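Participant: Now for the letters of each chain:
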Amino acid sequence: MHLELKEIQKSFGPKQVLKGISFAAESGKAFGLLGRNGAGKTTTIRILMDVIPADAGSVLIDGQKIDYTKVGIGYLPEERGLYPKKKIIDQLVYFAQLKGMKKGDAVQSVDKWLERLEMSEYRNKRLDTLSKGNQQKIQLVTALAHDPDIVILDEPFSGLDPVNAMLLKDVVKEEITRGKIVLFSSHQMNYIEEFCDSIAILNDGRVVLQGDLHTIKHNYKRDKLVVRSEQAARVAEAFAASCQLLNNDTALLRLSSPEEKTQTMKLLVDRFDIDEIKVFEPSLNDIFVEYAGSQE
Amino acid sequence: MKQFGTILLFELKYYFKNKIFVGVTIFLMAAIVIVMFFPRFLSLFEKMPETDEKRPTLLLCAEGENAESIVEAFTASFSNYEVLSMDFDIDKLQEQISSGEAECAFVLDDLTSYTYYVNNLTMYDENTYQADQILQNLYRMNTMIQEGISPDQAEQILSFQIEHKVESLGKDQMENFFYTYIMIFALYTVILLYGQMVATNVATEKSSRAMEVLITSAKPTSMMFGKVIASCMAGFLQILCVFGAAILSFRLNEAYWDENSIIRSFFDMPMDLLLYMLLFFVLGFLIYAFLYGAIGSTASKLEDINTSVMPITLLFIFAFLVVVFSMTNGNVDNLLMKICSYVPFTSPMAMFTRIAMSTVPWYEVLISVAILIVSVFGIGILSAKIYRVGVLLYGTTPKIGSILKSVWEA
Chain A
142 MHLELKEIQK
152 SFGPKQVLKG
162 ISFAAESGKA
172 FGLLGRNGAG
182 KTTTIRILMD
192 VIPADAGSVL
202 IDGQKIDYTK
212 VGIGYLPEER
222 GLYPKKKIID
232 QLVYFAQLKG
242 MKKGDAVQSV
252 DKWLERLEMS
262 EYRNKRLDTL
272 SKGNQQKIQL
282 VTALAHDPDI
292 VILDEPFSGL
302 DPVNAMLLKD
312 VVKEEITRGK
322 IVLFSSHQMN
332 YIEEFCDSIA
342 ILNDGRVVLQ
352 GDLHTIKHNY
362 KRDKLVVRSE
372 QAARVAEAFA
382 ASCQLLNNDT
392 ALLRLSSPEE
402 KTQTMKLLVD
412 RFDIDEIKVF
422 EPSLNDIFVE
432 YAGSQE
Chain B
7 MKQFGTILLF
17 ELKYYFKNKI
27 FVGVTIFLMA
37 AIVIVMFFPR
47 FLSLFEKMPE
57 TDEKRPTLLL
67 CAEGENAESI
77 VEAFTASFSN
87 YEVLSMDFDI
97 DKLQEQISSG
107 EAECAFVLDD
117 LTSYTYYVNN
127 LTMYDENTYQ
137 ADQILQNLYR
147 MNTMIQEGIS
157 PDQAEQILSF
167 QIEHKVESLG
177 KDQMENFFYT
187 YIMIFALYTV
197 ILLYGQMVAT
207 NVATEKSSRA
217 MEVLITSAKP
227 TSMMFGKVIA
237 SCMAGFLQIL
247 CVFGAAILSF
257 RLNEAYWDEN
267 SIIRSFFDMP
277 MDLLLYMLLF
287 FVLGFLIYAF
297 LYGAIGSTAS
307 KLEDINTSVM
317 PITLLFIFAF
327 LVVVFSMTNG
337 NVDNLLMKIC
347 SYVPFTSPMA
357 MFTRIAMSTV
367 PWYEVLISVA
377 ILIVSVFGIG
387 ILSAKIYRVG
397 VLLYGTTPKI
407 GSILKSVWEA
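Here the protein sequences line up with chains A and B, keeping their order.
Counted the way our numbering counts, the first sequence spans residues 142 to 437.
Counted the way our numbering counts, the second sequence spans residues 7 to 416.
Simulated from the structure, these hints should not be mistaken for laboratory data.
Please note that the accuracy of each hint is not assured.
Subject to a maximum C-alpha distance of 30 Å in a straight line, what follows is the list of computed DSS-like cross-link-like pairs (lysine-lysine) [said to hold, decoys possible]:
no.: 1; chain 1: B; residue 1: Lys307; chain 2: A; residue 2: Lys182
no.: 2; chain 1: A; residue 1: Lys310; chain 2: A; residue 2: Lys266
no.: 3; chain 1: A; residue 1: Lys156; chain 2: B; residue 2: Lys411
no.: 4; chain 1: B; residue 1: Lys411; chain 2: A; residue 2: Lys228
no.: 5; chain 1: A; residue 1: Lys243; chain 2: A; residue 2: Lys227
no.: 6; chain 1: A; residue 1: Lys273; chain 2: B; residue 2: Lys225
Note that this is a predicted model, so its numbers are computed, not measured.
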């Protein structure tokens with residue numbers, strides 16, 4: 142299955158929130174939707190889920206306009222919350238039924254998920270008797286119980302302890318293996334790097350960077366060298382303005398162009414006692430700060 | 007449609023599992039049953055031997071040639087009193103009344119004037135009226151006898167009764183007033199109560215953020231119609247329970263209510279009126295519940311609800327007041343009422359009142375109901391749209407104008 146958003150535009154009153162968003166995601170892969178607060182992620186997700194209509198553009202599945210009666214979508218919103226005063230099993234079955242499941246199937250599926258997330262003991266409890274992390278796991282069931290084709294997870298790891306985070310990671314990996322399209326939205330870049338094959342970075346209603354994460358990283362301007370040496374301080378001194386001392390034995394050297402790479406490496410090896418020189422590969426965090434950092 | 011059914015069932019469960027809802031219903035049913043059984047209980051006590059029961063004392067001071075006939079007439083007329091004749095000792099008389107020995111006293115100056123003494127004058131004290139009648143009769147009798155008419159003839163003249171019959175070709179407002187009033191009042195209470203419940207229900211979902219999942223799982227129209235129709239059914243069931251309990255317990259105790267014409271008139275309500283009542287109840291309920299639901303969706307916090315729903319509540323109170331004033335005026339067909347009986351927000355009460363207390367041509371009823379049904383669907387769809395826009399807005403409560411604008415744009 143191939144999900145594609147094409148030139149999505151949306152305005153609220155005079156303010157244009159989305160200025161032509163396009164990206165594509167494949168089943169069996171996770172896609173990371175990144176952006177600062179207010180960049181338009183939630184609006185994009187809502188348009189994708191048909192909660193609000195787009196002013197222009199389209200959502201396509203395998204090249205055809207999406208048919209919401211046939212394509213199931215599961216959603217874990219960033220703003221968590223269910224019915225605090227209702228029995229957990231009742232509300233989970235209700236939500237699964239709303240998504241089109243028959244009651245019997247819904248009960249079965251919800252029970253299966255409660256067991257998978259180690260929550261079966263809370264089945265007949267009221268939601269507000271649970272801790273925040275456990276409430277979040279319950280909410281995850283509403284996104285997964287109806288076996289959707291597309292799973293949208295907005296900040297799924299926030300508020301989870303390391304054990305629960307591990308559990309959730311396993312669940313997400315299972316879903317990806319089962320051929321779901323998993324759409325991630327998060328500010329925790331390490332999780333995105335761990336799961337997502339491709340990403341799109343939104344800034345001020347536009348996609349400023351998108352594509353395969355490895356390609357993005359590889360194509361990142363290779364104009365910085367990481368130099369590890371006992372003489373790092375001297376290296377920094379010698380290259381003055383274009384060099385930055387990262388710690389006692391590491392310096393980051395900025396080149397004026399990637400072509401200078403070999404020449405500079407040679408120079409360094411000749412003049413200093415060098416332990417290691419490598420081309421700087423940016424983390425997703427660095428890329429994010431660079432692309433999403435500036436608000437137009 | 008399937009979604010609608012799921013939502014309807016879920017919301018209905020909410021009412022039936024709500025302890026307050028169940029509690030209030032049972033309380034109302036119990037209260038009405040107790041009221042209906044009250045005369046039966048009362049009669050159990052009344053059947054006790056009456057010998058030792060003491061009637062209150064009425065003191066009577068009368069002098070002159072008529073004294074004897076006055077005492078006789080008072081004793082006959084005030085059968086529920088022990089009538090005691092006494093001397094003109096005003097101080098002693100007042101003392102007896104103050105101490106509670108006697109309940110009241112009549113001090114006659116002559117046949118045409120007297121003073122009535124009583125400790126606490128109650129609202130329903132009709133003793134002076136009764137005394138006036140007795141003395142008037144005696145005076146007329148005496149005068150007639152003096153004019154040469156025989157006592158028998160005089161008696162006949164005085165006790166002559168005119169026979170009359172009333173044939174009301176339209177409605178009898180006297181008889182209809184009471185039950186129309188109760189019906190209107192029930193409509194008023196139930197709509198306000200349930201309207202608030204729908205608004206709170208929607209706002210709770212919004213403030214607990216359950217809405218985020220709901221809105222991505224179900225169509226706003228299904229949500230709105232499911233919620234409102236569920237609350238309508240719950241309200242309907244509650245009314246059915248309360249009125250059912252009332253009718254059943256009345257039938258069981260019918261004999262004990264024979265003397266109370268007001269209560270009787272209520273339970274002898276014609277069937278067609280009851281059906282009209284149900285029709286207007288359902289339609290009126292729906293139109294207001296939709297509005298309340300839409301308003302509830304625009305509030306971010308539960309505290310905002312009360313101020314947000316104010317305009318609708320005022321509109322509804324206006325409708326109620328127009329109807330009640332027209333009813334008490336006795337003119338339910340005035341111009342304002344006629345206009346109100348076509349305006350969808352006021353017609354459930356106004357048209358029902360006119361049908362109950364006046365004669366309304368069938369086509370007027372038909373037009374009014376048709377307008378109402380169309381409006382219910384119109385308002386329902388509009389409020390679903392407001393809901394769709396409203397539930398995703400957090401922060402300050404938006405102005406009605408800006409909501410309608412975004413509804414128009416959406």
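Participant: Now tell me, hint by hint, if it's right for this structure.
Facilitator: Checked hints:
Between Lys307 of chain B and Lys182 of chain A, the direct Cα distance comes to roughly 25 Å. Compliance with the 30 Å bound is thereby established for this hinted pair. Between Lys310 of chain A and Lys266 of chain A the CA atoms are separated by roughly 26 Å; this keeps the pair inside 30 Å, and the hint holds. Between the alpha carbons of Lys156 of chain A and Lys411 of chain B the distance comes to roughly 15 Å, so the proposed pair stays at or under 30 Å and holds. Our distance criterion of 30 Å between C-alpha atoms is broken by Lys411 of chain B and Lys228 of chain A, whose separation comes to about 38 Å.
A hinted pair counts as satisfied when its Cα atoms are at most 30 Å apart, and Lys243 of chain A with Lys227 of chain A qualifies at roughly 20 Å. At roughly 28 Å between alpha-carbon atoms, Lys273 of chain A and Lys225 of chain B fall within 30 Å of each other, so this suggested pair holds.
Going down the numbered hints, you'll see the structure goes against just number 4.
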